[in-house]
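Novice: Note that the protein sequences, when read in sequence, are chains A and B.
Each residue of the first sequence is one higher than the last, beginning at 1 in UniProt numbering.
Each residue of the second sequence is one higher than the last, beginning at 1 in UniProt numbering.
Be careful, since some hints might not be right.
Ranges between beta-carbon positions, derived for each pair [what the hints assert, rightly or not]:
| # | chain 1 | residue 1 | chain 2 | residue 2 | range |
| --- | --- | --- | --- | --- | --- |
| 1 | B | H156 | A | T22 | 22 to 32 Å |
| 2 | B | R167 | A | Q118 | 26 to 36 Å |
| 3 | A | Q172 | B | R187 | 39 to 49 Å |
| 4 | B | R175 | A | Y119 | 35 to 45 Å |
| 5 | B | R207 | A | E32 | 11 to 21 Å |
| 6 | A | Q118 | B | R329 | 47 to 57 Å |
| 7 | A | P74 | B | R207 | 54 to 64 Å |
| 8 | A | E168 | B | P83 | 54 to 64 Å |
| 9 | A | Y119 | B | T114 | 50 to 60 Å |
Once the Cα atoms are required to be at most 16 Å apart in a straight line, the calculated EDC-like pairs of lysine to aspartate or glutamate come out as [stated by the list, open to error]:
| # | chain 1 | residue 1 | chain 2 | residue 2 |
| --- | --- | --- | --- | --- |
| 10 | A | K66 | A | D4 |
| 11 | B | K287 | A | E163 |
| 12 | A | K133 | B | E146 |
| 13 | A | K129 | B | D135 |
| 14 | B | K287 | A | E168 |
Because the hints were derived from the structure by calculation, they are not lab data.
Quick caveat: nothing in here was measured; it's all calculated off a predicted structure.
Every residue gets a Cβ at the ideal spot worked out from N, C-alpha and C, and that includes glycine.
Spelled out, the chains give:
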Amino acid sequence: MHSDDVVWSMLGNRQFCSYKMTTKTQNFCRNEYNLTGLCNRSSCPLANSQYATVREEKGRCYLYMKTIERAAFPRRLWERVLLSKNYEKALEEIDENLIYWPRFIRHKCKQRFTKITQYLIRIRKLTLKRQRKLVPLRRKIERRENRREEKALIAAQLDNAIEKELLERLKQDTYGDIYNFPIHAFDKALQQQEAESESESDAEREEEDEDDEDVDKREFVEAEDSELSDFEDMDKLETSSEEEQEEEEEVEKKASHSKWKGKTPLKGPARRKRPYIEIEYEEETEPSTKTKTA
Amino acid sequence: DLTAGTASLGGEEEHGPVPGDGAGPPAPERVLFPPTFSVSEIKNKQRRHFMFLRWKQQQRKEKLALKKKRRKEREALGDKAPPKAVPKTIENQRVYDETTVDPNDEEVAFDEATDEFAPYFNRQTVPKILITTSDRPRGRTVRFCEQLATVIPNSHVYYRRGLALKRIIPQCIARDFTDLIVINEDRKIPNGLVLSHLPDGPTAHFRMSSVRLRKEIKRKGKEPTEHVPEVILNNFTTRLGHSIGRMFAALFPHNPQFIGRQVATFHNQRDYIFFRFHRYIFKSEKKVGIQELGPRFTLKLRSLQKGTFDSKFGEYEWIHKRREMDRSRRKFHL
Numbered sequence: 001m002h003s004d005d006v007v008w009s010m011l012g013n014r015q016f017c018s019y020k021m022t023t024k025t026q027n028f029c030r031n032e033y034n035l036t037g038l039c040n041r042s043s044c045p046l047a048n049s050q051y052a053t054v055r056e057e058k059g060r061c062y063l064y065m066k067t068i069e070r071a072a073f074p075r076r077l078w079e080r081v082l083l084s085k086n087y088e089k090a091l092e093e094i095d096e097n098l099i100y101w102p103r104f105i106r107h108k109c110k111q112r113f114t115k116i117t118q119y120l121i122r123i124r125k126l127t128l129k130r131q132r133k134l135v136p137l138r139r140k141i142e143r144r145e146n147r148r149e150e151k152a153l154i155a156a157q158l159d160n161a162i163e164k165e166l167l168e169r170l171k172q173d174t175y176g177d178i179y180n181f182p183i184h185a186f187d188k189a190l191q192q193q194e195a196e197s198e199s200e201s202d203a204e205r206e207e208e209d210e211d212d213e214d215v216d217k218r219e220f221v222e223a224e225d226s227e228l229s230d231f232e233d234m235d236k237l238e239t240s241s242e243e244e245q246e247e248e249e250e251v252e253k254k255a256s257h258s259k260w261k262g263k264t265p266l267k268g269p270a271r272r273k274r275p276y277i278e279i280e281y282e283e284e285t286e287p288s289t290k291t292k293t294a
Numbered sequence: 001d002l003t004a005g006t007a008s009l010g011g012e013e014e015h016g017p018v019p020g021d022g023a024g025p026p027a028p029e030r031v032l033f034p035p036t037f038s039v040s041e042i043k044n045k046q047r048r049h050f051m052f053l054r055w056k057q058q059q060r061k062e063k064l065a066l067k068k069k070r071r072k073e074r075e076a077l078g079d080k081a082p083p084k085a086v087p088k089t090i091e092n093q094r095v096y097d098e099t100t101v102d103p104n105d106e107e108v109a110f111d112e113a114t115d116e117f118a119p120y121f122n123r124q125t126v127p128k129i130l131i132t133t134s135d136r137p138r139g140r141t142v143r144f145c146e147q148l149a150t151v152i153p154n155s156h157v158y159y160r161r162g163l164a165l166k167r168i169i170p171q172c173i174a175r176d177f178t179d180l181i182v183i184n185e186d187r188k189i190p191n192g193l194v195l196s197h198l199p200d201g202p203t204a205h206f207r208m209s210s211v212r213l214r215k216e217i218k219r220k221g222k223e224p225t226e227h228v229p230e231v232i233l234n235n236f237t238t239r240l241g242h243s244i245g246r247m248f249a250a251l252f253p254h255n256p257q258f259i260g261r262q263v264a265t266f267h268n269q270r271d272y273i274f275f276r277f278h279r280y281i282f283k284s285e286k287k288v289g290i291q292e293l294g295p296r297f298t299l300k301l302r303s304l305q306k307g308t309f310d311s312k313f314g315e316y317e318w319i320h321k322r323r324e325m326d327r328s329r330r331k332f333h334l
């Protein structure tokens, strides 16, 4: 027994113990038979000739005991007792085996046994749940895939592709009557003209009426843009569907105002449309005045 | 003097008057090198560098001269000139896939009329989507899920809370969900997507990369509104690509609200599917402006499984096998 003190004063305090792990706040003991895991005078399995631990193997718990009588026989030093699976019974077995042993060791053995059973229960519960499968990444392959993705992105030219697709859809009239662009209106009006044969005479009449204004307006507009011809034709072809188109354009104007709330204001052809809308209004009033005079 | 100069030119290049300064005398028009001379043999680094630059200049000049000559020939021929050669691209050189879908193929049309998406395409079902994640999602994934939910109409985000997918699926079917999206997360970023069509539909597992949330997108617009967006599916050519394209189309309701002017794009390029969400505006009949709104990500298909999610006993239609399928750089599967 007195050699314990010597051992402790050598290993524990002063000299090097290979199981000892020091950290800033505490010292730990890496010895597998250690009861608490700390490096203490009472927990050191080397410095206590009467010692006991609880360890588990493959889900079963064993009580290991070491007595001073066997200190000379290292092979038979640790005596192993299998503890029962039942928690209370196992605690009683510990008590039985460690009867007349120091209180500290008994207490710590039971504590350790409790902890072990708790983590065994947890393991069993977790294996029933879904396991996360960890798949190792291969660096070369990851790099290759990233690079290929970048190149594919460049080759895709996404913005162009999307714009092209949207314009295609516009051409194929999937949007119906929402958008009323000049060329579309022109095409539509053309179709209408071909359908209706009466419109021709009206068109000639209105042409003459328009000429007076168009001369003045023409000068004004030519300074602005070259889409003149389209608009002129559009005016010529404005017949019975005038009102409808005007209404549509009014609606569109209102809708467009509500649509383009905070965004860039309408540019280009939309702006240039407006004077022509005014022309159409005046066109409408003209026949009435004409009838009066006539 | 002249003869001496030319003799030295004939032998080596102008080594003498180039003691190692960067500028040196101007390079002569035609420089003669002995056949075994190479720039890399010069031991002096500065001189070697200089010689290399000189050589590069020459190469460039020759290339330019060649181009000019070709152009002149072309112009000289005029109409009879041969058509311009089309540069080879990976898309041009793609290995022809025998499962490429022909638009008029009857068999494909028949298959599509009877597969799991037929009820959707016949307007019998309205898509209702459940978006969830893997266990314990981190902030980025959660935010991504929320943004995805704003992009896809009629979708709901639910926390996973450790539930097993196999148990979730019958409950979803009972509550009339048509699709299930699970976003897998690793190390705080989303990196995988499982898309499962619910009443016994196929399950596709993708690897997700370059996820950008709304705040990380530059020049983005305002929030996506509640309008139903249009869908653009680009470049899904093969049978497999076709079925994946249909899967994506089945996420969105059939009647896009054009007033909303929003479009969701799934663009397939070399087996990478790029997802973008834009708002468009037609500036004229020939010009359209687009502004990116929502989240963006790229997907790469890993496996397609018949039936709902069952990784152990499911029947896989297609798995990406790296050893076999990644051998050729010109072969793509979607």
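Novice: Compare the distance between the alpha carbons of K287(B) and E168(A) with 16 Å, and conclude whether the hinted pair is satisfied.
Specialist: It holds: about 11 Å lies between the C-alpha atoms, which stays within 16 Å.
Novice: Is it true that R175(B) and Y119(A) lie within 35 to 45 Å of each other by Cβ?
Specialist: 39 Å Cβ-Cβ, so the 35 to 45 Å window holds.
Novice: Does the Cβ-Cβ separation between P74(A) and R207(B) fall within 54 to 64 Å?
Specialist: holds, 56 Å
Novice: For R207(B) and E32(A), compare the CB-CB distance with the range 11 to 21 Å and indicate the outcome.
Specialist: violated, 43 Å
Novice: Quick check on a hinted range of 50 to 60 Å for Y119(A) and T114(B), using CB atoms only.
Specialist: The hint (50 to 60 Å, Cβ to Cβ) holds, given that Y119(A) and T114(B) are roughly 54 Å apart.
Novice: Quick one: are H156(B) and T22(A) within 22 to 32 Å, going by C-beta?
Specialist: Violated: the Cβ-Cβ distance is about 55 Å, outside 22 to 32 Å.
Novice: Regarding the pair K133(A) and E146(B), is the alpha-carbon distance no greater than 16 Å?
Specialist: violated, 26 Å
Novice: Is it true that the C-beta distance of E168(A) to P83(B) lies inside 54 to 64 Å, as the hint says?
Specialist: At roughly 26 Å between Cβ atoms, P83(B) and E168(A) fall outside 54 to 64 Å, so the hint is violated.
Novice: What's the verdict on K129(A) and D135(B), does the C-alpha distance respect the 16 Å limit or exceed it?
Specialist: holds, 12 Å
Novice: Given the hint that K66(A) pairs with D4(A), test it: the Cα-Cα distance must not exceed 16 Å.
Specialist: holds, 14 Å
Novice: Just to be sure I understand the hint, the distance between the Cβ atoms of R167(B) and Q118(A) should be within 26 to 36 Å; is that true here?
Specialist: About 27 Å separates the Cβ atoms of R167(B) and Q118(A), which means 26 to 36 Å holds.
Novice: 47 to 57 Å was suggested as the range; check whether the CB atoms of Q118(A) and R329(B) agree with it.
Specialist: holds, 55 Å
The earlier numbered hints that this structure contradicts are 1, 5, 8 and 12.
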